[in-house]
Amino acid sequence: MLLTEYEGKCLLREAGVTVGDGFLASSADAVTRRKLHYPVAVKAQVASGSRGKAGGVIRAATPAGARSAARRILATRFGTERPAAVLVEPWLTIKRELYLSVTVDQAAQGYVVLYAPQGGIDIEHGKPPVRYDVGAARNFRAYRLREIVRDIEPDASVREKVIALARRLVELASTRDCVTVEINPLAQLEDGSLVAADAKIVRDEYAAFRAPDIAASVANANKRQPQPIARALAGDLMLVWLEGEVGLISGGAGMTMASMDLIGDAGGRPACFLDCSNNPTPAGYRLAFDLLDQAPAVKVILVSIFGGLTQMDRVARVMKDIMQQRRSRKPVVFRLNGTNAKQVEDIFAGTGLRNHATLESAVSESVAIARQAGRR
Amino acid sequence: MSVLIDQRTRFLIQGITGNVGRFSARDMKEYGTVVVGGVSVNRREREVEGIPVFPDARSACTATGATASVIYVPAATALDHVIEAVEAGIKLVVYPGDGLPARDAIEMRAAANANGSILIGPNTPGLISPGKAKAGFMPSFCYTPGPLGVISRSGSLSYEACFRLTSAGLGQSTVIGIGGDAIKGVAPAEALALLHDDPQTRAIVYLGEIGGNDEYAVAAYACGPGAKPVAALIVGREAPKGKKMGHAAALIGSHADTHPAKMQALLNAGVHATGTLTELVAAVRAALNTSSRTRRASRNEGSL
Chain A
366 MLLTEYEGKC
376 LLREAGVTVG
386 DGFLASSADA
396 VTRRKLHYPV
406 AVKAQVASGS
416 RGKAGGVIRA
426 ATPAGARSAA
436 RRILATRFGT
446 ERPAAVLVEP
456 WLTIKRELYL
466 SVTVDQAAQG
476 YVVLYAPQGG
486 IDIEHGKPPV
496 RYDVGAARNF
506 RAYRLREIVR
516 DIEPDASVRE
526 KVIALARRLV
536 ELASTRDCVT
546 VEINPLAQLE
556 DGSLVAADAK
566 IVRDEYAAFR
576 APDIAASVAN
586 ANKRQPQPIA
596 RALAGDLMLV
606 WLEGEVGLIS
616 GGAGMTMASM
626 DLIGDAGGRP
636 ACFLDCSNNP
646 TPAGYRLAFD
656 LLDQAPAVKV
666 ILVSIFGGLT
676 QMDRVARVMK
686 DIMQQRRSRK
696 PVVFRLNGTN
706 AKQVEDIFAG
716 TGLRNHATLE
726 SAVSESVAIA
736 RQAGRR
Chain B
46 MSVLIDQRTR
56 FLIQGITGNV
66 GRFSARDMKE
76 YGTVVVGGVS
86 VNRREREVEG
96 IPVFPDARSA
106 CTATGATASV
116 IYVPAATALD
126 HVIEAVEAGI
136 KLVVYPGDGL
146 PARDAIEMRA
156 AANANGSILI
166 GPNTPGLISP
176 GKAKAGFMPS
186 FCYTPGPLGV
196 ISRSGSLSYE
206 ACFRLTSAGL
216 GQSTVIGIGG
226 DAIKGVAPAE
236 ALALLHDDPQ
246 TRAIVYLGEI
256 GGNDEYAVAA
266 YACGPGAKPV
276 AALIVGREAP
286 KGKKMGHAAA
296 LIGSHADTHP
306 AKMQALLNAG
316 VHATGTLTEL
326 VAAVRAALNT
336 SSRTRRASRN
346 EGSL
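Chains A and B are the protein sequences, given in the same order. When we follow our numbering, the leftmost residue of the first sequence carries the number 366, and every step to the right adds one. When we follow our numbering, the leftmost residue of the second sequence carries the number 46, and every step to the right adds one.
So that you can see chain A by itself, here it is in the shape it has in the complex:
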């Protein structure tokens, strides 16, 4: 869960990192209601990168300039998102832009620190940052990072500040369940001090059970999702909406993606990634059908499940019930296999439902139905 810059900076401030003294404003009026020292930076608060390149950060030297900057940003769409607010901060006179981040990494068996002496919006085109594999947070060793940074950061005073900051970021990531804490740019000012000019923090959604602030922002973000996705999330289903006609109800990320790929191979287009493995219950499957039945783009529904813990005799009984009660006439194609799958045929007997033996034949029937519906 990616935080906005403002939310990220609040966490950084609590962790003892210097950030600009800014405030949030949700309208142009709210910007100039305060007495400010100009120039200021007016910054779009959106959870997406490359905001700077898209005109989401504007320098304003006067109240009128700040008003128009805020108005312009609040009316702009960045990626798919329109900012709900702007962050207004004192404009920083930056001597050098650095890059510092902490993220979770398999090779490090935990946290890794990344540092580059030249940061900013072109970080991806410059020399790649150096990395210090920390592992668990308590394994952070300042001298190890110093060895790694020594050759690329000759300014000893900057280097020592970076090392001290890196420790705070690793501790922040660990104690506050962040999977990424990125400061880019980390601004070196004329007086030599380092200020976090931006903040990109990703918090670990899986930690919502023990971090009420994460739980709250997950709930908030889910509510902001478009209707079908919000409903799916509320029902513990994972839904990603795609452009195609073949609705897919599946279980397990790998099998869902493999089924999507096979739909593509057969010349069709998947309508969604819909993984029910977290809620393989009558309610979960009912919701899945409901979501796809209500989507006009979906011409056929393919149920592709290979269950391990999910017992397929139970799934087949649920499917039978849903098929008998469901109002929609959209065709449904089944391919159920896995634990207790032998019983599926008996359960489907006499219902007119057919369970395909292979995923390929189920996919090919689904794509054929979708194609026919497209022609009509």
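A few of these clues could be false.
Now the in silico label distances, taken between C-beta atoms and shown as ranges [claimed, not checked]:
id, chain 1, residue 1, chain 2, residue 2, range
1, A, Asn643, B, Ala306, 51 to 59 Å
2, B, Arg89, A, Arg692, 42 to 50 Å
3, A, Leu554, B, Gly134, 51 to 59 Å
4, B, Ala213, A, Lys707, 19 to 27 Å
5, B, Thr122, A, Arg399, 44 to 52 Å
6, A, Gly632, B, Gly287, 19 to 27 Å
7, A, Arg692, B, Asn64, 30 to 38 Å
8, A, Gly381, B, Gly95, 34 to 42 Å
9, B, Gly161, A, Asn643, 28 to 36 Å
10, B, Ala306, A, Ala733, 29 to 37 Å
11, B, Glu324, A, Ala586, 34 to 42 Å
12, B, Lys288, A, Arg719, 31 to 39 Å
Pairs of lysine to aspartate or glutamate residues, derived as EDC-like cross-links and limited to a Cα-Cα distance of at most 16 Å, are as follows [claimed, not checked]:
id, chain 1, residue 1, chain 2, residue 2
13, B, Lys288, A, Glu608
14, A, Lys707, A, Asp678
15, B, Lys286, A, Glu608
Just so you know, these hints were derived from the structure itself, not from any lab. If you're wondering where the values come from, they're calculated on a predicted model, not measured in any experiment. We treat Cβ as the ideally placed atom computed from N, Cα and C, and that holds for glycine.
Dock chain B against chain A, hints included.
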């Protein structure tokens, strides 16, 4: 041979009185796995499926001589149970659960390392050495003994893939579910090293997906000296950028995360890689053929 588990491995099931623990206990026993004890912190029952239930891992280990454990508890208490297991002397811990915070996965792995134990998981069905033992809840009929070492990020995909291999007469030495999260107890490089050293394993089958770096570890292994032949299936060609596809790590952020980038790296490394389930069996056959060719070649060299 197989790796990590066989018919002699003595297992505990921690969380045996829960629904999943109970189901898996019966299923593992039916497969012939030696399940010697269960652990339940509440211990309302003396036994489950004929398996004695203990109040903690230490007493269970002392009483039964168990060296492996499968842990079925919710994410909130998972770290504590894994630490309890490895500090009681368990050398192989399987934690199948998903939704585990990254910090806890990091700590789990560190605890296993510190005690000389191996952790499989999180977010995995577990592992199976067909015909010998299973530590997890994969459907047994999908597997048969044979020469293939299988490594998978996805549980459901590994069932489907192994079902196809088994139906085609291509059996497996050990199938390791390394899991779909970013931090894994056993990373691909480590799983590859285990299978590389196993004499029964003639070729390696890797089941991967978009997002993360795992596929590059497989490519690095495959182009190294003396590598066993590798076949790979990479799924997620139809996945859009910037959306998490179920697994925490299945997310396309950078170019390296994409399907074409991974396929290219694997093909360049000489892996028999495909992006389509339909072609998996053929890719695996091709890998096995290279394996017999190289063996013949090395025999011929030896006779010179």
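Hints and how they fare:
In this structure the supplied range 51 to 59 Å is violated for Asn643 (chain A) paired with Ala306 (chain B), their Cβ-Cβ distance being about 29 Å. About 45 Å separates the C-beta atoms of Arg89 (chain B) and Arg692 (chain A), a value consistent with the hinted range of 42 to 50 Å. For the pair Leu554 (chain A) and Gly134 (chain B), the supplied restraint of 51 to 59 Å holds, since their beta-carbon distance comes to about 55 Å. In this structure, Ala213 (chain B) and Lys707 (chain A) meet the distance hint of 19 to 27 Å, their C-beta atoms being roughly 20 Å apart.
About 48 Å separates the C-beta atoms of Thr122 (chain B) and Arg399 (chain A), a value consistent with the hinted range of 44 to 52 Å. Evaluation of the 19 to 27 Å hint for Gly632 (chain A) and Gly287 (chain B) yields a pass: the beta carbon distance comes to about 26 Å. For the pair Arg692 (chain A) and Asn64 (chain B), the beta carbons lie near 33 Å from each other, so the given range of 30 to 38 Å is met. Taken as a hint, the range 34 to 42 Å is violated for the pair Gly381 (chain A) and Gly95 (chain B), whose Cβ atoms sit roughly 57 Å apart.
The supplied range of 28 to 36 Å is met by Gly161 (chain B) and Asn643 (chain A), whose beta-carbon atoms lie about 34 Å from each other. Roughly 33 Å separates the CB atoms of Ala306 (chain B) and Ala733 (chain A), a value that falls within the hinted 29 to 37 Å. Look at Glu324 (chain B) against Ala586 (chain A): about 39 Å separates their beta carbons, and that is inside 34 to 42 Å. A C-beta distance of roughly 32 Å is found between Lys288 (chain B) and Arg719 (chain A), which places it inside the suggested range of 31 to 39 Å.
Of the pairs offered as hints, the one joining Lys288 (chain B) and Glu608 (chain A) holds, with about 14 Å between alpha carbons and a cut-off of 16 Å not exceeded. For the proposed pair Lys707 (chain A) and Asp678 (chain A), the alpha carbon gap of about 8 Å is at most 16 Å, so the pair holds. For a cut-off of 16 Å, the pair hint linking Lys286 (chain B) to Glu608 (chain A) stands: about 13 Å separates their Cα positions.
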